[in-house]
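**Student:** Residue numbers (the working numbering), protein chains in the order written: chain A, 206 to 346; chain B, 206 to 346; chain C, 206 to 346; chain D, 206 to 346.
Source of the hints: derived by calculation from the structure; they are not laboratory data.
Remember, predicted model here, so these are calculated numbers, not experimental data.
Check each hint, because a few of them may be wrong.
No distinction is drawn between identical chains; accordingly, a pair holds when it is met within one copy or between any pair of copies.
Restricting the straight-line Cα-Cα distance to at most 20 Å, the calculated cross-link-like pairs of lysine to any residue (SDA-like) are [claimed, not checked]: (1) Lys238 - Asp283; (2) Lys274 - Gly295; (3) Lys238 - Arg308; (4) Lys296 - Leu316; (5) Lys296 - Arg280; (6) Lys296 - Gln261; (7) Lys296 - Gly229; (8) Lys333 - Leu316; (9) Lys238 - Thr300.
Number of protein chains: 4
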Amino acid sequence: MNSSKLSVFEHPIRIYWEDTDAGGIVFYANYLKFFERARTEWLRALGFGQQVLRDQSGGMFVVSETAVKYHSPARLDDTLAVTAELQSSGKASLTIAQRAYLRTTGGSDRLLAEGTIRLGWVDSITLKPGRIPAPVLEALK
Amino acid sequence: MNSSKLSVFEHPIRIYWEDTDAGGIVFYANYLKFFERARTEWLRALGFGQQVLRDQSGGMFVVSETAVKYHSPARLDDTLAVTAELQSSGKASLTIAQRAYLRTTGGSDRLLAEGTIRLGWVDSITLKPGRIPAPVLEALK
Amino acid sequence: MNSSKLSVFEHPIRIYWEDTDAGGIVFYANYLKFFERARTEWLRALGFGQQVLRDQSGGMFVVSETAVKYHSPARLDDTLAVTAELQSSGKASLTIAQRAYLRTTGGSDRLLAEGTIRLGWVDSITLKPGRIPAPVLEALK
Amino acid sequence: MNSSKLSVFEHPIRIYWEDTDAGGIVFYANYLKFFERARTEWLRALGFGQQVLRDQSGGMFVVSETAVKYHSPARLDDTLAVTAELQSSGKASLTIAQRAYLRTTGGSDRLLAEGTIRLGWVDSITLKPGRIPAPVLEALK
Numbered sequence: 206m207n208s209s210k211l212s213v214f215e216h217p218i219r220i221y222w223e224d225t226d227a228g229g230i231v232f233y234a235n236y237l238k239f240f241e242r243a244r245t246e247w248l249r250a251l252g253f254g255q256q257v258l259r260d261q262s263g264g265m266f267v268v269s270e271t272a273v274k275y276h277s278p279a280r281l282d283d284t285l286a287v288t289a290e291l292q293s294s295g296k297a298s299l300t301i302a303q304r305a306y307l308r309t310t311g312g313s314d315r316l317l318a319e320g321t322i323r324l325g326w327v328d329s330i331t332l333k334p335g336r337i338p339a340p341v342l343e344a345l346k
Numbered sequence: 206m207n208s209s210k211l212s213v214f215e216h217p218i219r220i221y222w223e224d225t226d227a228g229g230i231v232f233y234a235n236y237l238k239f240f241e242r243a244r245t246e247w248l249r250a251l252g253f254g255q256q257v258l259r260d261q262s263g264g265m266f267v268v269s270e271t272a273v274k275y276h277s278p279a280r281l282d283d284t285l286a287v288t289a290e291l292q293s294s295g296k297a298s299l300t301i302a303q304r305a306y307l308r309t310t311g312g313s314d315r316l317l318a319e320g321t322i323r324l325g326w327v328d329s330i331t332l333k334p335g336r337i338p339a340p341v342l343e344a345l346k
Numbered sequence: 206m207n208s209s210k211l212s213v214f215e216h217p218i219r220i221y222w223e224d225t226d227a228g229g230i231v232f233y234a235n236y237l238k239f240f241e242r243a244r245t246e247w248l249r250a251l252g253f254g255q256q257v258l259r260d261q262s263g264g265m266f267v268v269s270e271t272a273v274k275y276h277s278p279a280r281l282d283d284t285l286a287v288t289a290e291l292q293s294s295g296k297a298s299l300t301i302a303q304r305a306y307l308r309t310t311g312g313s314d315r316l317l318a319e320g321t322i323r324l325g326w327v328d329s330i331t332l333k334p335g336r337i338p339a340p341v342l343e344a345l346k
Numbered sequence: 206m207n208s209s210k211l212s213v214f215e216h217p218i219r220i221y222w223e224d225t226d227a228g229g230i231v232f233y234a235n236y237l238k239f240f241e242r243a244r245t246e247w248l249r250a251l252g253f254g255q256q257v258l259r260d261q262s263g264g265m266f267v268v269s270e271t272a273v274k275y276h277s278p279a280r281l282d283d284t285l286a287v288t289a290e291l292q293s294s295g296k297a298s299l300t301i302a303q304r305a306y307l308r309t310t311g312g313s314d315r316l317l318a319e320g321t322i323r324l325g326w327v328d329s330i331t332l333k334p335g336r337i338p339a340p341v342l343e344a345l346k
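Please build the complete structure, drawing on both the sequences and the hints.
**Tutor:** In structure tokens, the structure reads:
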């Protein structure tokens, strides 16, 4: 990792058979899962577990937009480092920038995929849009 | 299909990239999904949609036991015929026997996987065990 | 479906338990799977099965970019109509526009999600970029 | 964990949105994925990465039989401890016993699911059955 990423949250992901497809590489849709695991751990590190957040606020995040570019494939047994950082935020939505790097023993990580995930906030029961809880917004900034 | 299967419910499944793994074949855990799709369509054909059943009864099926034998692998673009039939039933649980066949143009289908799925019934909110609605039990027999 | 979609390829998708998450709605990453099933069936309808294409040409499509907007959630037992149409094409890549509609009994379908998928072409073994087979490009136009 | 499990390999698994379904609990088929992650890490800890094993031997493990009992559901944000231990082995197949426990802060873990996975060995290209490499068999015992 280069120095510019030192302040970015990073989560390790191991590639298993379940993640691959008959092309011999990781199925592209699974990067959305990897990105979400990293976002979830980032929020948890900031003090916000998804279930606790839902129980306490009655609301939850929903994904409203995703954009991903795939640069290079990952394979079985690879270890990835997946990052998450806030790109922009408003009262009702957030955009998170995320990247997946291949961790190599040499230390020069390779960018595999990058993207942005836009999140909205909804009531857990009615699914009607609402405001993101202020403590969450403040913690992410 | 041979004549002995004529009375068994059967649902077609197409194999896509998402179903395969780096071994070049269908990932074994996915047969549980294929079996469930067939069970769901069987129940629907008998008049019981999963969501309607849940809304009306306040309960839902949960899987309590699975046993699957894998005989031969499926590959990308294959078409499978997945069957479902009642093996045994009680007031609180059901066991469904299921098979996945490879559909071939020649007409002699090959058995890929077979198994049994035991279902219990629980309250949707509390997840406490309950009795399977009588109309469902009667329809399945 | 309104008349403007009459010439667009459309593939039906049923929502099962496997497609949903604890939010009670379809997990957003799964729309990439639904889009791929529709693309695959579109190509098949044009005469190009994925596996045959790979066996004959030694190459395969890989997804290089995805962009999806989520407008409204799908739920268990819903039936979706997923479309695929060519947005642009070059010798080495294609962009496909896709939409997922909720099929309703009333006939007025609701747009659930829409996006674009950019595909490149690579050698199946080396994964090096190559040119999309000309017959495929011609058929898609 | 009680003392009887001290010698058993154990792998932690976190539950994310991707693992759950609209019942609000972990989708049962996903335990097969959790079991496989634990088996894979167990083999890795013994010196056998899946991809290296495949590259060096030309063969790979395939699952020939699974049997799982589900005792209690896991939910979003739960942490599981998944175990793997050899139950029996022959020259061409292995049976692994696996359990998934809910990790609680109090220290009294709850058994969620348990099962056995039978593995065979096949040539990676032809998928014909073969003998499990002797070093793998010896390491597992």
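**Student:** Now tell me if each hint is right for this structure.
**Tutor:** Going down the list of hints, with the structure as the test:
no.	hint	in the structure
1	Lys238 - Asp283	both (16 Å within a copy, 17 Å between copies)
2	Lys274 - Gly295	between (24 Å within a copy, 18 Å between copies)
3	Lys238 - Arg308	within (18 Å within a copy, 23 Å between copies)
4	Lys296 - Leu316	neither (31 Å within a copy, 25 Å between copies)
5	Lys296 - Arg280	neither (39 Å within a copy, 27 Å between copies)
6	Lys296 - Gln261	within (18 Å within a copy, 37 Å between copies)
7	Lys296 - Gly229	neither (42 Å within a copy, 24 Å between copies)
8	Lys333 - Leu316	between (37 Å within a copy, 17 Å between copies)
9	Lys238 - Thr300	within (16 Å within a copy, 23 Å between copies)
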